[in-house]
Structure formats: structure tokens, C-alpha cells
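Protein chains: 2
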Amino acid sequence: MAQRVIDYWFTTGSTHNYLTAMRLPDVAAATGVAFRWRPFDLRTLFDERGYFPFPKGSPKTAYMFRDIERRAAARGIPIALPVPYPLPDSMTANLVALLGIREGWGIDYIRAAYRRWFQEGQPAGTDPNLSASLAEIGQDRERVLSLATAAANRDALTAETDVARSIGLVGSPSFVVDGEVFWGDDRLEDAVTWARHGTLACATPTRD
Amino acid sequence: MAQRVIDYWFTTGSTHNYLTAMRLPDVAAATGVAFRWRPFDLRTLFDERGYFPFPKGSPKTAYMFRDIERRAAARGIPIALPVPYPLPDSMTANLVALLGIREGWGIDYIRAAYRRWFQEGQPAGTDPNLSASLAEIGQDRERVLSLATAAANRDALTAETDVARSIGLVGSPSFVVDGEVFWGDDRLEDAVTWARHGTLACATPTRD
Numbered sequence: 707m708a709q710r711v712i713d714y715w716f717t718t719g720s721t722h723n724y725l726t727a728m729r730l731p732d733v734a735a736a737t738g739v740a741f742r743w744r745p746f747d748l749r750t751l752f753d754e755r756g757y758f759p760f761p762k763g764s765p766k767t768a769y770m771f772r773d774i775e776r777r778a779a780a781r782g783i784p785i786a787l788p789v790p791y792p793l794p795d796s797m798t799a800n801l802v803a804l805l806g807i808r809e810g811w812g813i814d815y816i817r818a819a820y821r822r823w824f825q826e827g828q829p830a831g832t833d834p835n836l837s838a839s840l841a842e843i844g845q846d847r848e849r850v851l852s853l854a855t856a857a858a859n860r861d862a863l864t865a866e867t868d869v870a871r872s873i874g875l876v877g878s879p880s881f882v883v884d885g886e887v888f889w890g891d892d893r894l895e896d897a898v899t900w901a902r903h904g905t906l907a908c909a910t911p912t913r914d
Numbered sequence: 707m708a709q710r711v712i713d714y715w716f717t718t719g720s721t722h723n724y725l726t727a728m729r730l731p732d733v734a735a736a737t738g739v740a741f742r743w744r745p746f747d748l749r750t751l752f753d754e755r756g757y758f759p760f761p762k763g764s765p766k767t768a769y770m771f772r773d774i775e776r777r778a779a780a781r782g783i784p785i786a787l788p789v790p791y792p793l794p795d796s797m798t799a800n801l802v803a804l805l806g807i808r809e810g811w812g813i814d815y816i817r818a819a820y821r822r823w824f825q826e827g828q829p830a831g832t833d834p835n836l837s838a839s840l841a842e843i844g845q846d847r848e849r850v851l852s853l854a855t856a857a858a859n860r861d862a863l864t865a866e867t868d869v870a871r872s873i874g875l876v877g878s879p880s881f882v883v884d885g886e887v888f889w890g891d892d893r894l895e896d897a898v899t900w901a902r903h904g905t906l907a908c909a910t911p912t913r914d
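The listed protein sequences derive, respectively, from chains L and H.
The first sequence begins at 707 in my numbering and counts up by one.
The second sequence begins at 707 in my numbering and counts up by one.
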């Protein structure tokens with residue numbers, strides 16, 4: 707048993723993924739489980755299925771943001787709602803994220819971009835967020851954008867999205883371990899448990 | 707703080723609600739929190755929003771059933787997949803459930819109907835499930851169906867669905883406490899924590 711690597715699939719336009727991006731390094735350190743960060747383009751899958759789950763003003767969108775707000779508060783993660791949603795250019799955010807993962811600075815970029823989005827109200831993937839996040843982590847904006855938007859990197863993102871489709875991902879973040887998919891920031895603990903024990907352990911709350 | 711009653715909103719056509727219906731009495735006993743069982747017609751809200759989340763053969767439907775299967779196994783809840791879905795007549799199941807809640811035998815009916823659906827493959831709300839579940843709990847089929855499908859009970863279900871809409875419910879089961887909505891069987895523990903403490907307590911998993 708004891709597979710110690712979890713594929714962490716996400717799209718940088720995903721709101722709940724703010725929680726995951728902020729807490730994943732701590733979870734990895736606390737549990738000893740490694741995560742492979744894999745950006746993909748969830749919007750492509752939504753478009754293929756003719757479905758966008760969070761239209762502006764819908765009850766589901768309102769619930770989604772309240773849920774994130776509560777969970778951020780419980781975890782001590784700063785958040786300043788409302789934030790712009792959906793992102794005007796999640797594609798660029800994902801392309802930069804993927805390039806960064808391959809070059810080694812992707813996690814820092816993703817976390818910087820999410821902080822600006824959810825704490826300062828700047829949409830990820832466009833300026834001023836894009837320039838400021840890259841500057842913060844010491845990456846040259848022109849070089850990064852040139853490589854990120856080149857055909858090779860676009861093809862790489864498409865290939866990752868193809869994998870995501872083939873394994874049946876339905877949302878972001880998703881954690882995949884041992885062929886099992888766990889969808890949602892709130893399933894991170896389940897994925898960790900599965901990685902360790904090949905099963906879930908669900909505790910029933912007891913009187914306290 | 708310490709509100710000790712949680713409104714448990716559900717529709718009897720909901721798959722994840724199988725888990726909740728099976729474990730809720732144990733959770734109530736273990737935690738001292740009371741639950742008010744409130745059936746409503748989620749299908750009406752889906753229809754209004756032009757949206758059905760689980761089309762046959764979709765990745766989301768496949769994920770949903772695998773998720774339920776894993777969680778049932780972890781909790782020791784018997785399950786025999788595949789089961790018929792969606793229900794051909796969830797309306798009747800909800801009407802009977804609501805009548806039963808008001809007459810005092812609803813919880814027994816709901817659990818009996820779910821067991822036949824998820825353990826024996828009989829859709830809830832139609833025969834043989836309907837007759838057998840009512841017989842099991844000692845209710846007369848003709849009397850129950852006559853009252854359940856009468857205008858007064860239909861109006862009562864519509865009124866509950868109106869409340870569900872007005873508080874922004876987006877799925878089943880949903881737990882409402884103190885004006886806060888927690889959607890999903892996997893949020894039951896959060897609702898219990900909120901009922902006790904007015905906040906969430908999210909543990910980070912630690913190395914074991």
C-alpha cells in the first residue's frame with residue numbers, strides 16, 4: 707500500500723482551489739504525503755458538457771462563496787469577498803501555472819496569483835495580478851508570457867486536459883490516488899487517508 | 707450559542723441522501739444534536755434552473771456513485787450498485803415521506819425505502835418498494851397513498867419546496883442551522899460543529 711504521491715489536479719480559475727493552494731504545502735509537510743501539481747483547463751470540459759456550474763447570481767454561486775468564506779475562516783486563511791468571478795482569462799493563468807510547474811516556480815506563482823485574487827480582488831491571469839505575481843517570485847514577465855503562450859506549452863496544457871477528461875474528472879480541485887478520484891478541497895483529507903491506507907476512515911462525531 | 711436542532715432537508719430521490727438517512731439516527735444519538743427531517747421536491751428546483759446534475763452515463767454520475775460506494779464501505783453501510791437512477795416517481799416517495807414525518811412514521815418509511823433501493827435495487831416511490839416499505843413499518847398502503855396524494859399534502863410539499871428555494875438550497879441533503887446551509891452528506895459533521903460552536907473546526911491531518 708502506502709502510495710505517497712497524490713496527483714493534485716486543478717484549474718487556476720477554480721474558487722475552491724484557493725483553499726487548497728493555500729493549505730497544501732502545510733498538509734504535505736504534516737502528513738508526509740507528496741502532491742504532484744497538475745494544472746488543466748476545466749473550462750474546456752465544462753464547455754464540452756454544455757455546463758457552467760456557477761452562473762452569476764445563482765443560489766449555487768452564493769452557496770459556493772459562503773462555503774469558501776466559512777472554510778477559510780476556520781483554517782485561518784485570509785479572504786476578502788466578493789472577488790471577481792469568473793476570471794476573464796483563466797487560460798493564461800493555467801498556461802503560466804503549467805510552465806511554472808515544469809520550470810520549478812509554478813507553486814509560488816499559483817499561490818501568489820490566488821492571494822492577489824482572493825485577498826486583493828485582482829483576477830488571476832490578467833494584469834495587474836499577472837505582472838505583480840511574476841515580479842514577486844522573480845520571474846521575467848516577457849520571457850514567461852512568450853513561453854507560456856507558445857504552441858508547445860499550449861499543447862502541453864491540452865494534453866493534461868485530455869488526461870483529466872480520460873480519468874473522468876468533474877471539477878477542481880481533484881485528488882487522484884491509486885485510480886481513485888476525490889473531488890473538492892473538502893476531500894483532501896479523504897485522499898490523504900486513501901494514499902496511506904487504501905481506504906477511508908470516516909469518524910462519526912461524538913458528544914464533546 | 708448551542709442551537710441543538712438542525713433542519714435536515716432532503717429529497718427522497720437523492721442518492722447521497724442514502725448515506726445520511728442510514729447514519730443520521732446514530733449521529734443524533736452520539737452528538738446530542740436533534741434533526742428535523744424536512745422532505746422537499748428538489749426536482750422542482752432543478753427544473754426551474756434548467757439543470758439536472760446527473761445525466762445517465764456522464765462522468766459526474768459515475769463519480770457520484772463511486773463516491774457513495776466508497777463512503778458507504780467506510781461507514782459499514784451495505785450497498786449493492788448499480789441501483790436504478792433517477793427514480794421514476796420521486797414525487798410519490800416525497801409525498802409519502804412528508805405525510806409520514808407529520809404522522810410520526812416518516813423516518814422509518816424513508817429508511818426502509820432507501821434500504822430497498824440501495825440494497826435490493828427497487829426504486830423508491832413505486833412498487834414493489836412502496837408497498838413493501840409501508841408493510842414493513844405497519845402502515846396501510848391505501849390509506850397512506852390516499853392521504854399522501856391528496857391536495858392538502860401536495861400543497862404542504864410545495865410549501866416546503868418554497869421554503870427550500872427561499873433559503874437558497876442547491877442540493878440534497880442540506881443541513882441548515884442558524885441560517886447557515888451545509889450541502890452534502892459530507893458536510894453533516896460541519897453542521898453539527900456549527901450547531902454546537904457557531905463555527906467550523908477543520909483539522910489538518912497529521913502524520914500517523
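No lab work stands behind these hints: they were computed from the structure.
Every value quoted in this text rests on a predicted model; they were computed, and no experiment measured them.
Certain hints may be false.
The list cannot tell twin chains apart, which means a pair is met if one copy fits it or any two copies do.
In the EDC-like style, the derived pairs of lysine to aspartate or glutamate whose C-alpha atoms are separated by at most 16 Å in a straight line are [what the hints assert, rightly or not]:
{"hint": "1", "residue 1": "K762", "residue 2": "E809"}
{"hint": "2", "residue 1": "K766", "residue 2": "D713"}
{"hint": "3", "residue 1": "K766", "residue 2": "D861"}
{"hint": "4", "residue 1": "K766", "residue 2": "D884"}
{"hint": "5", "residue 1": "K766", "residue 2": "D814"}
{"hint": "6", "residue 1": "K766", "residue 2": "D753"}
{"hint": "7", "residue 1": "K762", "residue 2": "E895"}
{"hint": "8", "residue 1": "K762", "residue 2": "D846"}
{"hint": "9", "residue 1": "K766", "residue 2": "E754"}
{"hint": "10", "residue 1": "K766", "residue 2": "E895"}
{"hint": "11", "residue 1": "K762", "residue 2": "E886"}
{"hint": "12", "residue 1": "K766", "residue 2": "E866"}
{"hint": "13", "residue 1": "K766", "residue 2": "E842"}
{"hint": "14", "residue 1": "K762", "residue 2": "E826"}
{"hint": "15", "residue 1": "K766", "residue 2": "E886"}
{"hint": "16", "residue 1": "K766", "residue 2": "D795"}
{"hint": "17", "residue 1": "K762", "residue 2": "D884"}
{"hint": "18", "residue 1": "K762", "residue 2": "D814"}
Reference check for the pair K766 and D713, CA-CA at most 16 Å: within, between, both, or neither? Result: close neither inside a copy nor across copies, 27 Å intra and 19 Å inter.
Alpha-carbon proximity context of K766 and E886, limit 16 Å: Between. Shortest inter-copy distance 14 Å satisfies the 16 Å Cα cut-off; intra-copy 26 Å does not.
Could you place K762 and E809 in one of the four classes (within, between, both, neither) given a Cα distance threshold of 16 Å? neither (36 Å within a copy, 41 Å between copies)
If the cutoff is 16 Å on CA atoms, where do K766 and D861 land: within, between, both or neither? Let me know, please. neither (33 Å within a copy, 26 Å between copies)
As a check of your reading, is K762 near D814 (CA-CA no more than 16 Å) within one copy, between copies, both or neither? neither (30 Å within a copy, 40 Å between copies)
Up to 16 Å CA-CA - E826 versus K762, copy category: neither (20 Å within a copy, 41 Å between copies)
At most 16 Å between alpha carbons: which applies to K766 and D795, within, between, both or neither? neither (22 Å within a copy, 25 Å between copies)
Alpha-carbon proximity between K762 and E886, which holds within one copy, between copies, both or neither at 16 Å: neither (32 Å within a copy, 20 Å between copies)
Which holds for K766 with E895 at a C-alpha limit of 16 Å: within a copy, between copies, both or neither? neither (24 Å within a copy, 21 Å between copies)
Please sort K766 with E866 into within, between, both or neither, judging by C-alpha distance up to 16 Å. So K766 and E866 fail the 16 Å test inside a copy (28 Å) and across (19 Å) alike.
Have a look at K762 and E895 and pick one of within, between, both or neither, based on CA distance no larger than 16 Å. neither (30 Å within a copy, 29 Å between copies)
Up to 16 Å CA-CA - E754 versus K766, copy category: Answer is between; shortest inter-copy Cα gap is 13 Å, intra-copy 21 Å.
Violated hints for the displayed structure, listed by number in ascending order: 1, 2, 3, 4, 5, 7, 8, 10, 11, 12, 13, 14, 16, 17 and 18.
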